[in-house]
Amino acid sequence: MGTLPELFLRWFDGRSWAPRPHQLAVLEAAQAGQSVLLIAPTGGGKTLAGFLPTLVELADAPQEGLHTLYVSPLKALSADVARNLTAPVSEMGLALSVETRSGDTTQEKRRKQKEQPPNILLTTPESLAVLISQPEAAAFFATLRRVVIDEAHALAGTKRGDQLALGLARLAVLAPGLQRIGLSATVAHREAIRAYVAPDARIIEMAGGAPPEIGMILPQGRLPWSGHMGLFSAPDILQAISAARMTIVFVNTRAQAELMFQELWRLNAKTLPIAIHHGSLEMAQRLRVEAAMSAGSLRAVVATSSLDLGIDWGGVDQVLQVGAPKGVSRLLQRVGRANHRMDEASRAILVPANRFEVLECEAAIAGVAASELDGDAPRPGGLDVLAQHILGCACAAPFHPDALYGEIVQAAPYAGLSRADFDATLEFVENGGYALQAYDQYRKLFRDSEGMMNIRSEQVRRLHRMNIGTIVEAPTLKVRYAGRGGGALGEIEEYFVGMLVPGDTFIFAGRLLRFVRLRETTVEVIDGGSGEPKVPAYAGGRMPLTTNLAARVRALLNTPALWQDFPEPVREWLDLQLTRSVMPGRDDLLVEIFPRGDRWYLVAYCFEGRNAHQTLGMLVTRRMERMGLQPLGFVATDYVLGVWSAVEPRDLDLLFEQDMLGEDLEAWMDESSMLKRTFRNVAVIAGLIARHYPGQDKNRRQVTVNSDLIFEVLRKHQPGHILLRATREDAARGLIDLGRIAEMLGRVKGRVRPQRLSRVSPLAVPVLLEIGRENVRTEGSDEALLEEAALIAEATGAAEPPPFRPQRLQTTYRPKKPAQGSLFG
Amino acid sequence: MTAAPIHLAGERLQLDPAGALHWPAQRLLVVADLHFEKGTAAAARGQLVPPWDTRETLAILAGLIRKYGPRTVVALGDSFHDARGAARLQERDQAQLLALGRETRFLWVLGNHDPTAPEGLPGEAVAEHRQGPLTFRHEATPGRVMGELSGHFHPKASVAVRGAMVTRPCFVTDGYRIMLPAIGAYTGGLDARDPAIAGLFPRGGRMFLVGRERLYSFPFAASRVRAQPLPGEGLRI
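One line per chain: the protein sequences are A and B, in this order. Letter by letter, the first sequence follows residues 8 to 832 of the working numbering. Letter by letter, the second sequence follows residues 540 to 776 of the working numbering.
Calculated from the structure, these hints are not laboratory results. There could be a bad hint or two in this list.
In silico lysine to any residue, SDA-like type, Cα no more than 20 angstroms apart, as pairs [as the list claims (entries may be wrong)]:
#	chain 1	residue 1	chain 2	residue 2
1	A	K683	B	R751
2	A	K485	A	M459
3	A	K723	B	M704
4	A	K485	B	G750
5	B	K606	B	P734
6	A	K485	A	K541
7	A	K116	A	F147
8	A	K485	B	M704
9	A	K683	B	D632
10	A	K723	B	R751
11	A	K723	B	Q629
12	A	K723	B	R594
13	A	K756	A	L639
14	A	K541	A	L266
15	A	K541	B	M704
16	A	K723	B	A601
17	A	K683	B	G602
18	A	K723	B	I599
19	A	K723	B	L729
20	B	K606	B	G640
21	A	K723	B	G750
22	A	K485	A	V508
23	A	K121	A	A94
24	A	K485	B	P734
25	A	K82	A	D315
26	A	K723	B	F645
27	A	K723	B	G602
28	A	K723	B	G640
A few chain B residues facing chain A, derived, Cβ under 10 angstroms [what the hints assert, rightly or not]:
#	residue
29	G578
30	Q586
31	Y725
32	T726
33	E752
Each residue gets a CB set at the ideal place from its N, CA and C atoms; glycine is no exception.
With these hints in hand, go ahead and build the complete structure from the sequences.
As structure tokens, this is what we get:
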């Protein structure tokens, strides 16, 4: 165990505390010159453990300049840690300085920090990237001894994590011998997190505190077959809120947050102070809510993942999860927001919105009890983040490509980066990397006679600094009250605004608003309105069910002995399935086929999450089309894929053959709007499209080129461009979720189990109810949608039909692919 | 590709799904907002976007000229993204533009992006062009007009179908004037509901969204806001 100096022991004594074993273990490792990965649950005194070695060293030998850098994913965390460090520092009379730095830090303070760096600097991955891009970086970091990486599990495997990893690799060169301490919650992939922090880090783990107590609320009356909002449980939720001190009501999407908030207030006769918090709300409003939580003046907050991480709100004593928990790790993270103290159990209540979600909740509770964590292993680093980093390095000082490559492969996410990919990325940064040498005069980097890469101009440097960061928001429009100086409420996605006509009402920021008009990039609204309000939905707002949790749900379905603890409607539902059809097995692929009306339905119980099912739906319907089965549409949920067709499906083994991941996939991916959406992020992060320009905003439209248009042109003229490759890789891991499809198709080979039925089975009812309710964008069928809209307009007399002009058949427009949702019926 | 016929000031005109307009009686083709060399303009500001936008736009223009064989091509301004755009043309693109100029007569209406006549290009530059009952100008004139064709605003529109949105460049017309969509490969758009556009069509009208092979016609709701609303007004909807 590490030894604490007398001064520190007295300080612990004075607070009637004793240093915890893991704090001393971290101190010992640090004193032995080792890097550390500390794994501990929330409330374990993790942050103090991370800082103790630094405080001891600086108490012993005060120094000038930067000694320790602390990086966390949240600005709010840095501010909170700064506050928490003040107590020991001032009470022990330590002569050391602690400062924070983020995007909000004033110019004046930044200048001071540059001249006189604090001993401890608390910052974010983005601000670190800015610091690294400055010519003074070498001097600034020369004295650095240690980096503390907070919430390492939340960073590894994300683009922000990639950026930080590259930053750490840089720091290792600027400050040789630099020590790293990673702080992480309990994770499924601990070796990967260790590699992320430092390959030679010593793992110190602290046993968990009291296990959480997780209950479930079922709605009174009938248990719904489908739907995800859980609004009918609002009375019970309100009751749970009034029985606790402070509750976080977690939901899965921002739309759900808005609706739940409305519903709770509709019932809130006692006018309990209940607030709403999600990522689209104006920052000022979010901060107000967080401050009210800290002050303990709220009884509940309806929140999305925007409150998954964050500072310790000691007052929260209950967490509710409305809707599917999606994964064990995610649930634990949320549950951990209640009772941030080790010795007390966290209290949480799950509120499933439908029958399948009851199963998922049961599975998640069992998963938590078994401490079976889940989630994907961190993926390799993105080339777009690499491009941003390369330009940042050039902004600081000229570099040699060989040296930079050697440095970058030291970062865990880039350990497998090939030299060819590095060179292609470097070339992209240099001059765009186009097959046509058009931009020689605009290149961003030039090579000098010694082979060093130099930044071309101060303008390039300035533009880069303004655009550092890897968080790309969807195209949004500001929502404001109409009239001069109307207050801002937040931002909603452009596509939602496209659906509004003046006079429409919608729910946002916990208010009922009426759309007045659109002006450039501002949506003007007034309070109130009548008629059925719309709720903005957000792309990518839903995360898919994890593989582990899906396996647990399958296991539950196959263990009838466990059903006796289930609520009665669920038990009956499952019993009925056994009489009408069969249960999906643990590792087969049950495919039910039945006629209804004039259609055939195919329901495949894949359990691979909605993203994977969405992709599978596109591929399977393409194949059915070729087999002459005349597919008409499909719908994807987290559990199953449902397809309907005019002809009875046959040859199921062929239908779910692995080779669909070949040409069909390539052909589809190229037209997929998922790819366009992914390309936008990649193009922004890689610096192809600037988000911010020096000193002006009004001309932005003139110089910004829409990423969809760039995508089209690039795809046509240089399909192998490095950014297109990066886009495909990103999409394959994210929205398209190829990994899970490939894994499943391999697993079920020879185990596709067709079940032909005369009518719909009980288990298939929920997916059939989703048909027509789905609001997800269709794929590659914009033309078909336009055609449909035009047809409706013609039929209702709102539009004139196109002129009748007999012509050769092949020039007539005919939609070629089935749309999601019914296209023809 | 099916062109849609419309009437303006008694003249029969065809709207082409590529975003152009054809006047068969005069064998005249109209295109708006070509924004040649927008790519290099972005590059000069540090965004090295793919350099093929002019080539793409020229390919569309060449296709239209092949299809209609026009005597005259009227470009409604902002043909170049900026005044120096013509000087940045790649040799091959310049050669193609010159070749097109030998096939047909070009009239370059000047726009706000290209206020001076481009040098070394075929055809003539004009502030605006009148022919028969029709007037061709870059930016629409507020108030009453008859037979005006304009560009400038890059109108686009979104249509909601079953929860999904499709957004496309569009023509907007009310029988008195017609506004053309931008045709350049890198040109974005302004929502036709924006007061800047909607205010020019106070009685409403029709919009034609460009599709891959045809146009899709939808009503364009009458605007209840003025083009230049007074501060604090426009709340009574």
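Going through the hints against the structure:
1. A/K683 to B/R751: It holds: about 18 angstroms lies between the C-alpha atoms, which stays within 20 angstroms.
2. A/K485 to A/M459: 44 angstroms, violated
3. A/K723 to B/M704: The hint is violated at about 25 angstroms.
4. A/K485 to B/G750: 29 angstroms, violated
5. B/K606 to B/P734: Violated, at about 35 angstroms.
6. A/K485 to A/K541: With Cα atoms ~17 angstroms apart, A/K485 and A/K541 stay inside 20 angstroms; holds.
7. A/K116 to A/F147: Holds: A/K116 and A/F147 sit about 15 angstroms apart, inside 20 angstroms.
8. A/K485 to B/M704: Distance of about 19 angstroms is within 20 angstroms: holds.
9. A/K683 to B/D632: 28 angstroms, violated
10. A/K723 to B/R751: 16 angstroms, holds
11. A/K723 to B/Q629: 19 angstroms, holds
12. A/K723 to B/R594: 12 angstroms, holds
13. A/K756 to A/L639: 26 angstroms, violated
14. A/K541 to A/L266: Satisfied, since the Cα-Cα distance of roughly 10 angstroms is no more than 20 angstroms.
15. A/K541 to B/M704: Holds: A/K541 and B/M704 sit about 15 angstroms apart, inside 20 angstroms.
16. A/K723 to B/A601: It holds: about 18 angstroms lies between the C-alpha atoms, which stays within 20 angstroms.
17. A/K683 to B/G602: Cα-Cα ~26 angstroms, so violated.
18. A/K723 to B/I599: 14 angstroms, holds
19. A/K723 to B/L729: Status violated; Cα separation ~25 angstroms.
20. B/K606 to B/G640: 16 angstroms, holds
21. A/K723 to B/G750: Measuring from Cα to Cα gives roughly 19 angstroms; hence the hint holds.
22. A/K485 to A/V508: 16 angstroms, holds
23. A/K121 to A/A94: Since the Cα atoms of A/K121 and A/A94 sit roughly 26 angstroms apart, the hinted pair is violated (cutoff 20 angstroms).
24. A/K485 to B/P734: 17 angstroms, holds
25. A/K82 to A/D315: 14 angstroms, holds
26. A/K723 to B/F645: With a Cα-Cα distance of about 28 angstroms, the restraint between A/K723 and B/F645 is violated, given a limit of 20 angstroms.
27. A/K723 to B/G602: Holds - the C-alpha atoms of B/G602 and A/K723 are around 17 angstroms apart, at most 20 angstroms.
28. A/K723 to B/G640: Not satisfied, since the Cα-Cα distance of roughly 26 angstroms exceeds 20 angstroms.
29. G578: Cβ of B/G578 sits 7 angstroms from chain A, so the hint holds.
30. Q586: Because about 6 angstroms separates B/Q586 from the closest Cβ in chain A, which is inside the 10 angstroms limit, the hint holds.
31. Y725: 5 angstroms, holds
32. T726: Holds, because the Cβ-Cβ distance from B/T726 to chain A comes to roughly 8 angstroms (cut-off 10 angstroms).
33. E752: Given a least distance of 5 angstroms, the restraint on B/E752 holds.
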